[in-house]
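Trainee: One-letter residues, chain by chain:
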Amino acid sequence: MPLTDPAEDLALLTDMRRGHAAAFEALYRRHQAPLYRFALLRCGSPDTAADIVQEIFMGLLANTFKFDPSRGVLQGFLFGVARNLLLKREEAQFRFVPRSRADGEEDENPDDLVVDPAPQPAQRMLDTEQAEAVWRALQKLAPHYRDVVILYEMHDLSYVEIAQICHIDLGTVRSRLSRARAKLVELLQPEFPETLAAAPHQTHPHPLEARP
Amino acid sequence: MSPPGNLPHTASAPSAAQERLLDDRLDSLRAATESLAAPAHLETKLISAFRAHHAARRRRDMIAQWFAPGFALAASVGMSAWMVLAPMARPVLEPGLAVTSAGARLLADTPFIALESLEQIALEPQPRLIETVVPRMWLASYGVPVGPDVAGESMRAEMLVSANGQPLAMRFLP
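Protein sequences appear in the order of chains A and B. If you use this note's numbering, the first sequence corresponds to residues 1 to 212, in order. If you use this note's numbering, the second sequence corresponds to residues 1 to 174, in order.
It is worth saying that the hints were derived from the structure and are not from the lab. Do not rely on the hints blindly, as some may be mistaken.
[To be verified] Once the Cα atoms are required to be at most 30 Å apart in a straight line, the calculated BS3-like pairs of lysine-lysine come out as:
#1 A/Lys66 - A/Lys88
#2 A/Lys88 - B/Lys45
#3 A/Lys66 - B/Lys45
#4 A/Lys88 - A/Lys140
Chain A with its partners taken away, still in its complex shape:
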């Protein structure tokens, strides 16, 4: 489900292209926080996340990204731009960037699930220890798994929207999410052994509302 009304986004974008600063300001205020959070959770660096947001909106104001409304909503498009910008940066930073996975190739090797996280900023970013632990575990996931978890769990996007953003098919979204969650459980066990590890195995899954 989009976080913002696509029709309003489009109207603002049209006004922005006519040179209305108020429309650009409104678009920025609607989208900057989700994009910043996505970039922050994805790369772990507040400075890089701010740079990504800046690059996105500089491109938007100069009309260099060529958004086509017939191919999706603005929010998904902007998440896609953010992801591409992050991938470009990671190509130089990480020793392992599985770009081929982004093309929808099925995931085979379980070792591909985790990576060495990038060096983290010294300051404590989150208020609670629990959130901090999940964040650390998330950083250990390979980027293509992290994308799916962040977009689904943190931004309420649907499988279809995630598939469009990550340029993968629905089945790959589903399998990546499933495997990433299983890995997160595994990674969090040392952090909360008394809870996650000791949780009784249940054979009946709890009812869940499916997103389209």
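Knowing the structure of chain A, use the given hints to seat chain B on it.
Mentor: Same frame as chain A, but now just chain B:
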């Protein structure tokens, strides 16, 4: 929220209870990051960049709007002049044609732009070639792009004039 319809890949797939606990953890991360946003100074910076970008674009559009009709007209005139002069230049230089020395010089150098008909130029009994200084904007009126920053400047030109001083043709000197 745990995904619907997920298929476990391995024997160590999490149990429903573990899924719920993971959901709790992810909710705590979500709650902890919900208030995070890009630094406040970024908004000011981007809005300034937006205003500067569109101000520059408006200036470009305005200049284009002012000069477009002139450029189009000048291009048409320039093209017409070239079409008249270029094919005629060589035959006129053949012996036996009655042209003055100044006229021969004109017809030998194609960069000249005819201001009157070629016939009138050829029949002019006493044409004179004079060197003069003209505003650079004249270039624009003959189809040559002129930047707005140099439009007010002048440049040298050679002009063929009739005995009574009427301009017949001209060319700009580098």
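Trainee: Take a quick look at whether A/Lys66 and A/Lys88 sit within 30 Å of each other, Cα to Cα.
Mentor: holds, 19 Å
Trainee: Are the Cα atoms of A/Lys66 and B/Lys45 separated by 30 Å or less?
Mentor: Judged against 30 Å, a Cα distance of about 22 Å means the pair holds.
Trainee: Need the status of pair A/Lys88, B/Lys45: alpha-carbon distance at most 30 Å?
Mentor: Given that 30 Å is the threshold and the Cα spacing comes to 24 Å, the pair holds.
Trainee: Does A/Lys140 lie within 30 Å of A/Lys88 when you go C-alpha to C-alpha?
Mentor: holds, 19 Å
Consistency with the previously given hints is maintained throughout, with no hint failing.
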